[in-house]
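Trainee: Whenever a hint applies, use it, and build me the whole structure from the sequences.
Protein chains: 2
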Amino acid sequence: MIIDCHGHFTTAPKTLHAWRKKQLEGIHSDLIITDDEIRAAVEGGQLKLQKERGGDLTLFSPIAGQMAHHLGNEQTSLVWAEVCNNLIHRVCNLFPDNFVGVCQLPQSPGAPPANCIPELRRCVEELGFVGCNLNPDPSGGYWLGPPLTDPVWYPLYEEMVRLDVPAMVHVSSSCNPCFHGTGAHYINGDTTAFMQFLLADLFKDFPTLRFVIPHGGGAVPYHWGRYRGLSLETRQRPLEPLLDNVFFDTCVYHEPGIRFLTEVIPVDNILFGSEMIGAVRGRDPNTGAYFDDTKRYVDACARLTAEERHKIFESNARRVYPRLDAVLRNRGVDAAADL
Amino acid sequence: MIIDCHGHFTTAPKTLHAWRKKQLEGIHSDLIITDDEIRAAVEGGQLKLQKERGGDLTLFSPIAGQMAHHLGNEQTSLVWAEVCNNLIHRVCNLFPDNFVGVCQLPQSPGAPPANCIPELRRCVEELGFVGCNLNPDPSGGYWLGPPLTDPVWYPLYEEMVRLDVPAMVHVSSSCNPCFHGTGAHYINGDTTAFMQFLLADLFKDFPTLRFVIPHGGGAVPYHWGRYRGLSLETRQRPLEPLLDNVFFDTCVYHEPGIRFLTEVIPVDNILFGSEMIGAVRGRDPNTGAYFDDTKRYVDACARLTAEERHKIFESNARRVYPRLDAVLRNRGVDAAADL
Numbered sequence: 021m022i023i024d025c026h027g028h029f030t031t032a033p034k035t036l037h038a039w040r041k042k043q044l045e046g047i048h049s050d051l052i053i054t055d056d057e058i059r060a061a062v063e064g065g066q067l068k069l070q071k072e073r074g075g076d077l078t079l080f081s082p083i084a085g086q087m088a089h090h091l092g093n094e095q096t097s098l099v100w101a102e103v104c105n106n107l108i109h110r111v112c113n114l115f116p117d118n119f120v121g122v123c124q125l126p127q128s129p130g131a132p133p134a135n136c137i138p139e140l141r142r143c144v145e146e147l148g149f150v151g152c153n154l155n156p157d158p159s160g161g162y163w164l165g166p167p168l169t170d171p172v173w174y175p176l177y178e179e180m181v182r183l184d185v186p187a188m189v190h191v192s193s194s195c196n197p198c199f200h201g202t203g204a205h206y207i208n209g210d211t212t213a214f215m216q217f218l219l220a221d222l223f224k225d226f227p228t229l230r231f232v233i234p235h236g237g238g239a240v241p242y243h244w245g246r247y248r249g250l251s252l253e254t255r256q257r258p259l260e261p262l263l264d265n266v267f268f269d270t271c272v273y274h275e276p277g278i279r280f281l282t283e284v285i286p287v288d289n290i291l292f293g294s295e296m297i298g299a300v301r302g303r304d305p306n307t308g309a310y311f312d313d314t315k316r317y318v319d320a321c322a323r324l325t326a327e328e329r330h331k332i333f334e335s336n337a338r339r340v341y342p343r344l345d346a347v348l349r350n351r352g353v354d355a356a357a358d359l
Numbered sequence: 021m022i023i024d025c026h027g028h029f030t031t032a033p034k035t036l037h038a039w040r041k042k043q044l045e046g047i048h049s050d051l052i053i054t055d056d057e058i059r060a061a062v063e064g065g066q067l068k069l070q071k072e073r074g075g076d077l078t079l080f081s082p083i084a085g086q087m088a089h090h091l092g093n094e095q096t097s098l099v100w101a102e103v104c105n106n107l108i109h110r111v112c113n114l115f116p117d118n119f120v121g122v123c124q125l126p127q128s129p130g131a132p133p134a135n136c137i138p139e140l141r142r143c144v145e146e147l148g149f150v151g152c153n154l155n156p157d158p159s160g161g162y163w164l165g166p167p168l169t170d171p172v173w174y175p176l177y178e179e180m181v182r183l184d185v186p187a188m189v190h191v192s193s194s195c196n197p198c199f200h201g202t203g204a205h206y207i208n209g210d211t212t213a214f215m216q217f218l219l220a221d222l223f224k225d226f227p228t229l230r231f232v233i234p235h236g237g238g239a240v241p242y243h244w245g246r247y248r249g250l251s252l253e254t255r256q257r258p259l260e261p262l263l264d265n266v267f268f269d270t271c272v273y274h275e276p277g278i279r280f281l282t283e284v285i286p287v288d289n290i291l292f293g294s295e296m297i298g299a300v301r302g303r304d305p306n307t308g309a310y311f312d313d314t315k316r317y318v319d320a321c322a323r324l325t326a327e328e329r330h331k332i333f334e335s336n337a338r339r340v341y342p343r344l345d346a347v348l349r350n351r352g353v354d355a356a357a358d359l
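Residue numbers (my numbering), protein chains in the order written: chain A, 21 to 359; chain B, 21 to 359.
Honestly, the hints are just simulated from the structure, not real lab data.
A portion of the hints provided could be inaccurate.
A pair counts as met if it fits within one copy or between any two copies, since identical chains are not told apart.
Said to hold, decoys possible - Calculated pairs, SDA-like style, for lysine to any residue (alpha carbon to alpha carbon, straight line, at most 25 Å): (1) Lys41 - Pro276; (2) Lys224 - Glu63; (3) Lys42 - Leu324; (4) Lys41 - Asp264; (5) Lys68 - Asp55; (6) Lys68 - Glu253; (7) Lys41 - Leu324; (8) Lys68 - Ile285; (9) Lys224 - Ala134; (10) Lys68 - Leu252; (11) Lys224 - Pro197; (12) Lys41 - Val172; (13) Lys34 - Gln95; (14) Lys224 - Pro305; (15) Lys41 - Thr228; (16) Lys224 - Asn350; (17) Lys34 - Glu253; (18) Lys34 - Cys321; (19) Lys68 - Glu94; (20) Lys42 - Glu253; (21) Lys68 - Gly308.
What you are looking at is a predicted structure, and each value in this text was computed from that prediction instead of being measured.
Mentor: This is the structure in structure tokens:
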């Protein structure tokens with residue numbers, strides 16, 4: 021089974037964007053999207069490519085770049101998160117074999133992360149979602165809040181632990197002109213979050229808390245020696261135990277990058293992801309293949325055994341997202357069915 | 021010949037730090053450092069390791085983390101840059117075979133970069149420096165200024181072109197609690213600068229302007245496919261011509277990282293650098309070798325031919341820093357003497 025742990029509903033009907041625009045202008049409007057419109061948006065987008073590329077199931081969440089927690093106030097973010105999460109829920113109900121939900125949180129600059137708990141609980145316990153996206157910088161590129169290891173985040177982490185759901189650390193769009201969104205802010209956010217984890221004792225306090233750092237972990241694997249050295253120097257401890265709690269996806273858009281990732285990071289910590297129809301939607305003129313067809317790169321990675329590839333494609337995701345595993349077991353999909 | 025393009029005087033006498041502290045407190049004091057103190061600081065530090073590791077010459081600049089352009093005002097930064105650059109000049113005069121100067125610029129948040137021109141000119145034309153360090157974020161981790169491609173930087177670039185000196189894009193310390201200095205802000209700065217270059221037409225306006233992006237280019241080589249795709253999508257042009265103007269050093273502190281760098285980035289764009297006695301000063305317990313002994317990694321890189329290794333160790337630096345080449349030719353060191 022091929023599980024893509026990183027998908028956003030980037031092909032959502034334009035009605036959604038129009039509604040958001042009005043929301044930010046303070047104009048009340050009703051959001052009307054029919055099931056047929058959802059079907060068309062998915063069948064012509066993520067589902068089409070999932071099938072073409074040989075995937076089976078995608079962990080599906082609202083558009084990361086549109087979370088834009090820096091816009092409006094906390095109430096704005098709460099309503100917007102509900103709207104987006106409900107739309108994902110409808111996708112998952114229409115295509116239950118292909119999509120399982122991951123939620124957007126109603127974060128807002130300066131608002132206590134604890135205020136996200138009700139929406140997280142609703143999404144997990146009522147809508148059947150299996151994880152959440154956590155924005156380490158709700159200020160949208162100015163990094164005005166505390167690091168992810170600050171105690172202000174702890175109530176939310178307690179709830180994540182209680183619900184047994186991981187978070188993907190994922191920034192949203194950047195309103196800082198220095199940072200291009202997907203070309204700088206996304207990657208910087210990944211690198212920054214990892215270094216915050218390295219410095220702190222978060223996982224002593226929450227031994228079962230789990231984070232997926234997307235986009236191949238930002239710059240982290242490439243600078244693995246730097247991080248090993250920094251851990252030894254600043255915290256007098258090896259870096260490797262962090263890997264009990266921190267995982268990386270495969271959203272690295274070229275074959276050498278994926279080969280390198282699998283060389284440096286233990287295979288147990290790598291989850292297949294593509295973020296397809298996301299940052300880079302075109303084809304590589306050198307190969308004719310889509311840049312974001314990361315399954316090709318994993319398939320081509322000769323150093324991986326079948327067992328290792330199975331971990332990356334399926335079993336790691338089921339381990340990191342236990343509620344996904346439960347969904348699949350309920351459907352009779354055993355963990356190693358296709359190995 | 022082995023040229024390390026990335027060295028800072030991190031072992032400078034403590035007197036320097038005490039002087040800076042007083043400066044920031046607004047207390048006038050005289051900075052007195054003897055030649056013997058400089059000799060001791062260098063001979064027990066960068067010179068010792070340069071010799072032990074088989075290097076010949078280091079492009080030497082003031083401590084990057086201490087530039088701290090966000091502290092004080094423009095006048096503070098100007099005086100501090102002069103003090104630091106003069107100290108580097110003294111090192112280079114005491115050890116002319118081993119060190120050639122690269123200067124700190126008197127940047128300050130909100131101040132026009134054009135105001136750095138007199139100090140750049142003084143360092144290059146009077147002190148014999150061959151390049152400068154350019155801080156893309158003088159606000160120290162808040163990124164409150166314009167991108168490096170904004171016209172406000174153009175007068176400085178005109179002077180760099182006139183003097184024929186490149187800049188290493190190098191942030192300083194971070195005063196943002198989200199960003200650890202060497203573990204996040206440094207790497208993010210590298211990634212951010214590259215993406216700014218990708219988006220703009222800076223090198224159409226300055227075809228001979230050259231930047232070295234340190235720390236192996238931040239996250240850029242690891243995400244080369246992402247950047248290739250982003251260039252094609254956002255600018256409808258291939259990424260590769262950027263490499264006429266942008267270069268990466270080898271400050272990647274593990275062997276697989278260096279191997280990967282040389283696999284993805286053309287060898288003509290890679291300059292040997294170590295930033296020794298910098299971010300990571302310890303030894304890898306797995307090998308007993310220093311993490312920042314990057315020469316070992318380049319030496320071990322079996323894919324490199326002797327000619328390619330020579331480019332990385334010497335000839336690329338001489339091409340990117342023509343004034344360094346002139347210094348060496350004046351000394352009778354021909355470009356390919358040891359090939």
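Trainee: Confirm or reject each hint.
Mentor: Hint by hint, here is what the structure shows:
Taking identical chains as interchangeable, the C-alpha atoms of Lys41 and Pro276 are never at most 25 Å apart, the minima being 40 Å within one chain and 47 Å between chains. Taking the shortest alpha-carbon separations for Lys224 and Glu63, neither the intra-copy value of 44 Å nor the inter-copy value of 42 Å comes in at or below 25 Å. Taking the shortest alpha-carbon separations for Lys42 and Leu324, neither the intra-copy value of 49 Å nor the inter-copy value of 57 Å comes in at or below 25 Å. Taking the shortest alpha-carbon separations for Lys41 and Asp264, neither the intra-copy value of 41 Å nor the inter-copy value of 42 Å comes in at or below 25 Å.
Taking identical chains as interchangeable, the C-alpha atoms of Lys68 and Asp55 lie at most 25 Å apart only when both belong to the same chain, with a minimum of 17 Å there against 71 Å between chains. Taking the closest pair of Cα atoms, Lys68 and Glu253 come within 25 Å of each other only across two copies (21 Å); inside a single copy the shortest separation is 48 Å, beyond that limit. In this assembly of identical chains, the alpha carbons of Lys41 and Leu324 never lie at most 25 Å apart, being 46 Å within a copy and 54 Å across copies at closest. Proximity of Lys68 and Ile285 under a CA criterion of 25 Å is satisfied in neither setting, with 31 Å inside one chain copy and 34 Å between copies.
Within a single copy, Lys224 and Ala134 get their C-alpha atoms as close as 20 Å, which meets the 25 Å cut-off; across copies the closest is 49 Å, which misses it. Taking the closest pair of Cα atoms, Lys68 and Leu252 come within 25 Å of each other only across two copies (23 Å); inside a single copy the shortest separation is 46 Å, beyond that limit. For the homomeric pair Lys224 and Pro197, the shortest alpha-carbon distance between copies (21 Å) is at most 25 Å, but the shortest distance inside one copy (37 Å) is not. Taking CA atoms no more than 25 Å apart as the test, Lys41 paired with Val172 passes in neither setting, with 31 Å inside one copy and 33 Å between copies.
In this assembly of identical chains, Lys34 and Gln95 lie within 25 Å of each other by CA distance solely inside one copy; the values are 23 Å within and 52 Å between copies. With identical chains, the CA atoms of Lys224 and Pro305 are at most 25 Å apart between copies only, with a shortest distance of 24 Å across copies and 47 Å within one. For the identical chains of this complex, Lys41 and Thr228 are neighbours neither inside a copy (39 Å) nor across copies (44 Å), given an alpha-carbon limit of 25 Å. For the homomeric pair Lys224 and Asn350, neither the shortest alpha-carbon distance inside one copy (33 Å) nor that between copies (59 Å) is at most 25 Å.
In this assembly of identical chains, the alpha carbons of Lys34 and Glu253 lie at most 25 Å apart only when taken from different copies (21 Å versus 50 Å within one copy). Proximity of Lys34 and Cys321 under a CA criterion of 25 Å is satisfied in neither setting, with 38 Å inside one chain copy and 51 Å between copies. In this assembly of identical chains, the alpha carbons of Lys68 and Glu94 never lie at most 25 Å apart, being 35 Å within a copy and 56 Å across copies at closest. In this assembly of identical chains, Lys42 and Glu253 lie within 25 Å of each other by CA distance neither inside one copy nor across copies; the values are 51 Å within and 29 Å between.
In this homomeric assembly, Lys68 and Gly308 come within 25 Å of each other (Cα to Cα) only inside a single copy, at 18 Å, whereas the closest approach across copies is 51 Å.
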